[in-house]
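Construct all of the structure, not just a fragment, from the sequences and the given hints.
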Amino acid sequence: MLTLENVTAGYGGGDVLQGVDLTCAPGTVTCIVGPNGAGKSTVLKVISGLLRCRTGSVSLGETRLDGLDPSRVLALGITQVPQSQALFPGMTVRENVQLGGYLIRRDRKLLAARYAAVCERIPLVASRAGDHAGNLSGGQRRMVEIARCLMLEPKLLLLDEPSLGLDPQSLAGVAGLIRSLNEGGTTMLLVEQNVRLGLGLATHGVVMEGGRVRLTGTAAAVRDNPEMAALYLGGTSAKETQRG
Amino acid sequence: MAQFVQAVVLGVLIGGIYALMASGLTLIFGVLRIVNIAQGAFLILVATFTWWLWRTTGIDPILSAVITAPLMFGLGWVLYRFVVRRISGQAASMSVLLTFGIALVIEGFLNVVAGNKFRSATPAYFEQSFRVGDILLPKAQVYGFLAAVVVLGGLYLLLTRTWAGRAIRATSQNPSAAALVGIGATATAALAFALGSASAGVGGSILSVLYPFFPASHYDWISRLLGIVVLGGMGSLPGALVGALVLGLAETLTATYGSLQWSTLVFYLVIMAVLLVRPQGLFGARLREDVA
Ligand SMILES: Nc1ncnc2c1ncn2[C@@H]1O[C@H](COP(=O)(O)OP(=O)(O)OP(=O)(O)O)[C@@H](O)[C@H]1O
Ligand SMILES: [Mg+2]
Numbered sequence: 001m002l003t004l005e006n007v008t009a010g011y012g013g014g015d016v017l018q019g020v021d022l023t024c025a026p027g028t029v030t031c032i033v034g035p036n037g038a039g040k041s042t043v044l045k046v047i048s049g050l051l052r053c054r055t056g057s058v059s060l061g062e063t064r065l066d067g068l069d070p071s072r073v074l075a076l077g078i079t080q081v082p083q084s085q086a087l088f089p090g091m092t093v094r095e096n097v098q099l100g101g102y103l104i105r106r107d108r109k110l111l112a113a114r115y116a117a118v119c120e121r122i123p124l125v126a127s128r129a130g131d132h133a134g135n136l137s138g139g140q141r142r143m144v145e146i147a148r149c150l151m152l153e154p155k156l157l158l159l160d161e162p163s164l165g166l167d168p169q170s171l172a173g174v175a176g177l178i179r180s181l182n183e184g185g186t187t188m189l190l191v192e193q194n195v196r197l198g199l200g201l202a203t204h205g206v207v208m209e210g211g212r213v214r215l216t217g218t219a220a221a222v223r224d225n226p227e228m229a230a231l232y233l234g235g236t237s238a239k240e241t242q243r244g
Numbered sequence: 001m002a003q004f005v006q007a008v009v010l011g012v013l014i015g016g017i018y019a020l021m022a023s024g025l026t027l028i029f030g031v032l033r034i035v036n037i038a039q040g041a042f043l044i045l046v047a048t049f050t051w052w053l054w055r056t057t058g059i060d061p062i063l064s065a066v067i068t069a070p071l072m073f074g075l076g077w078v079l080y081r082f083v084v085r086r087i088s089g090q091a092a093s094m095s096v097l098l099t100f101g102i103a104l105v106i107e108g109f110l111n112v113v114a115g116n117k118f119r120s121a122t123p124a125y126f127e128q129s130f131r132v133g134d135i136l137l138p139k140a141q142v143y144g145f146l147a148a149v150v151v152l153g154g155l156y157l158l159l160t161r162t163w164a165g166r167a168i169r170a171t172s173q174n175p176s177a178a179a180l181v182g183i184g185a186t187a188t189a190a191l192a193f194a195l196g197s198a199s200a201g202v203g204g205s206i207l208s209v210l211y212p213f214f215p216a217s218h219y220d221w222i223s224r225l226l227g228i229v230v231l232g233g234m235g236s237l238p239g240a241l242v243g244a245l246v247l248g249l250a251e252t253l254t255a256t257y258g259s260l261q262w263s264t265l266v267f268y269l270v271i272m273a274v275l276l277v278r279p280q281g282l283f284g285a286r287l288r289e290d291v292a
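As they're listed, the protein sequences go chains F and B. All the letters of the first sequence, read from the start, carry residue numbers 1 to 244 under my numbering. All the letters of the second sequence, read from the start, carry residue numbers 1 to 292 under my numbering.
None of these hints come from the bench; they were simulated from the model. Accuracy of the hints is not assured; some may be wrong.
For the chain F half of the interface with chain B, some residues (derived, Cβ under 8 Å), not all of them [to be verified]:
hint	residue
1	LEU68
2	PHE88
3	ARG105
Stretch-level coverage of chain B by chain F, calculated; a stretch enters the list once three of its residues show a Cβ under 8 Å from a Cβ in chain F [to be verified]:
hint	segment
4	155-167
5	172-178
Where chain B lies over chain F, by a calculated footprint (3+ residues, C-beta under 8 Å) [unchecked claim]:
hint	segment
6	73-81
7	94-104
A virtual CB, placed ideally from N, CA and C, is assigned to each residue, including glycine.
This is the structure in structure tokens:
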């Protein structure tokens, strides 16, 4: 369903992604793991259109995504929860979540129905509806960010470290949410530092390091691969040593 | 006592008008992160046009805002699309240079078409006042204030009750998140620039009655507006409102108890005192996000 071929991308000078290949089959949950700075978040930004790739291609089925504006990518059914700071702090929780339905704003009934469904899935939205998002705790914000992403009922959901800052109970809640969304047919691409959680939820695993994909396979295979530990502990980076 | 009340009421009337004028500047800054130095020139451009309209057709200057606001909306939109947009994403100094350039072009244009002399629209009510007990309220100030309140109220409703307004607020609070929910950056920026210009449309029409002006008056006005916006906190509309009221009151109170020459100085002293305590301005950071 989603295919990245030989993608390179960067922010200013050098390439952060140095030729990334990645595929997500429909209905799967793919989890990207890797050390800090590996380029995991950058991959998600390239898919959602926040960052243009320099070479290579990103496609959803037959449709090319590279070069499209974020709103076009969104309209194709791909939503993203970024790693941090994704809310509008001066707006209420309700407004924040409803803005997730910006693209369907003209259909008031649909918007209201989706909002009600999201409130049911994530009760925090209903209970703090009138509070400013800027006054929520970090974990509560995370839940609102995830809630906002559900307003469009995406085909492909990109979650950047969904577990970030969540207490065990909310974590279980998010894990349950990911499972139930996946059972409902949503394809997912996660980035997760909590490897056990991430690969536990996922059907497929991807290990990134230094802007490249180092390892792919089923979640179980990736988890049990001896190379994985070496890569993930960040020990292999010969290039890093050269640079330093 | 009556003198004090008179000064305060007058200060509030003038403050409301300043608030309208500053709202455009702060709205544009909030969304585009551009300090629109041309905002003062927009005011003088509109004031001159309003004066001309009043002289040739007799249309009430303040009411002619109904014409000048849409015209300025259009001008703002075109300016954004074809000029200002080219520097989006560049350093703030670029935007100051560019908008200062626009201000100079407008000033030069006015010098050519209207001549370098003081003007002021003087409709029949120009020197009349409403009398409430011991207090005299100049009619022009009252009408100007009412127009400002209507426009600011409309702006508030637009920003909070419509999707276009939500898109503007979302972009000013978190541009990358706004992009992620599908809000188009260019369209929103164009709308904000156009709305900010339209508010100068109303502000300029009011100005034409209340203050004598000539092409280079825009320097004086932009420094006032910048003072207000810095005092209130860049990009904050409530901040602009409070900053404008402080300026209005500083002017009328100083004029009543001291002399008019000192009133601007007093205002800048207030700004300096506030900025020493709150460098981000009065409303610059109310939320955790900004403090961190
Ligand atoms: N906005 C940015 N501007 C410039 N460079 C950036 C930006 N965001 C990320 N980078 C650089 O890109 C590289 C990869 O960053 P990225 O955020 O993709 O890493 P990550 O794998 O998500 O790491 P983490 O686990 O810490 O989230 C880093 O070296 C970082 O310095
Ligand atoms: Mg990251």
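Item checked: Three-residue Cβ test at 8 Å for the coverage of the segment 155-167 of chain B by chain F -> holds (count 3)
Next item on the list: Can you take a look at whether the segment 94-104 of chain F is actually covered by chain B? Rule is 3+ residues, C-beta closer than 8 Å.
Entry: holds (count 5)
Check: Do at least three Cβ atoms from the segment 172-178 of chain B come closer than 8 Å to Cβ atoms of chain F?
Finding: holds (count 5)
Check: With a cut-off of 8 Å, does the beta carbon of LEU68 (chain F) approach a beta carbon of chain B closely enough for the hint to hold?
Finding: Hint on LEU68 (chain F): violated, closest Cβ of chain B at ~12 Å, above 8 Å.
Note to self: Given PHE88 (chain F) as an interface hint, is its Cβ closer than 8 Å to any Cβ of chain B?
What the structure shows: 4 Å, holds
Notebook entry, point to check: Can the segment 73-81 of chain F be counted as covered by chain B under the rule of three residues or more with Cβ-Cβ separation shorter than 8 Å?
Noted result: Satisfied; 4 residues make the cut.
Note to self: The hint names ARG105 (chain F) as touching chain B; please verify it with the least Cβ-Cβ distance against 8 Å.
What the structure shows: It holds, given that the least Cβ distance between ARG105 (chain F) and chain B is near 5 Å, below 8 Å.
Going down the numbered hints, you'll see the structure goes against just number 1.
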